[in-house]
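Numbering follows the working numbering, in which position 15 of the sequence shown is assigned residue number 15; successive positions increment by one, without gaps.
I should point out that these hints are in silico values taken from the structure, not numbers from a laboratory. Warning: the hint list may mix true and false statements.
[Claimed, not checked] Derived DMTMM-like pairs: lysine to aspartate or glutamate, alpha-carbon spacing no greater than 25 Å straight-line:
1) K38 / D180
2) K38 / D50
3) K119 / E97
4) K119 / D168
5) K119 / E131
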Amino acid sequence: MLPTIVFLRHGETNWNVEGRLQGQRDISLNDNGRAQAKRNGEAIRAAVADIADFDFVASPLERSRETMEIARLAMGLDPSAFHLDDRLREITFGDWEGFTLAELRATHPDLVAAREQDKWSFLPPGGESYEQLSERVQGWLATISRPTMAVSHGGVGRVLRRYLHDLDPQAAVTMSFPQDQAMLIKNGSTEWI
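Just need the whole structure built from these sequences, with the hints factored in.
Written out as structure tokens, the structure reads:
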């Protein structure tokens with residue numbers, strides 16, 4: 001069984017608000033995203049008594065690093081005391097990054113329709129599929145040997161939930177993944193805090 005994991009999606013960005021595919025673009029948090037990160041840090045501190053003893057790791061993208069720093073500060077911890085893991089980067093949407101699905105539907109309706117039919121296996125031009133992302137996430141999970149808090153992205157979180165709970169791939173990657181709650185994985189069960 002895995003050690004306890006606290007998984008936190010980065011806070012909101014302006015591109016989240018606009019519905020733009022961020023992928024691996026380095027986008028900063030907006031003010032609401034910073035407030036979400038602070039709220040999540042406070043909630044984690046209240047729910048996980050031994051959080052200071054955890055390993056702390058984040059995606060190297062700016063929005064995840066900033067979320068981790070704010071959350072750690074809200075937990076009363078040194079905001080810079082964490083490490084980065086490239087396997088926690090968001091899925092890359094390749095040539096589609098920066099566009100909304102509505103914009104892509106207008107220029108590439110056939111590709112957007114193919115994605116909607118099989119979001120798990122769909123490979124955007126120059127990008128990666130969720131199936132490929134799951135290999136990265138499983139590689140990261142295999143290295144966890146102690147309680148860990150990770151800050152990453154919605155795509156990574158969806159793949160993590162699919163893997164941990166043996167969910168249908170299409171269902172896993174189409175379900176919402178909040179930015180204003182943390183996922184606590186402990187003793188084989190998952191709860192939101």
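Against the structure, the hints come out as follows:
1. For the given pair, K38 sits about 10 Å from D180 by alpha-carbon distance, which is consistent with the 25 Å threshold.
2. Distance hint between K38 and D50 is fulfilled; the C-alpha atoms sit about 18 Å from each other, no more than 25 Å.
3. With a CA separation close to 16 Å, the supplied pair K119 and E97 stays within the 25 Å bound.
4. Restraint check for K119 and D168: the C-alpha separation of about 12 Å stays at or below 25 Å, so the hint holds.
5. Restraint check for K119 and E131: the C-alpha separation of about 9 Å stays at or below 25 Å, so the hint holds.
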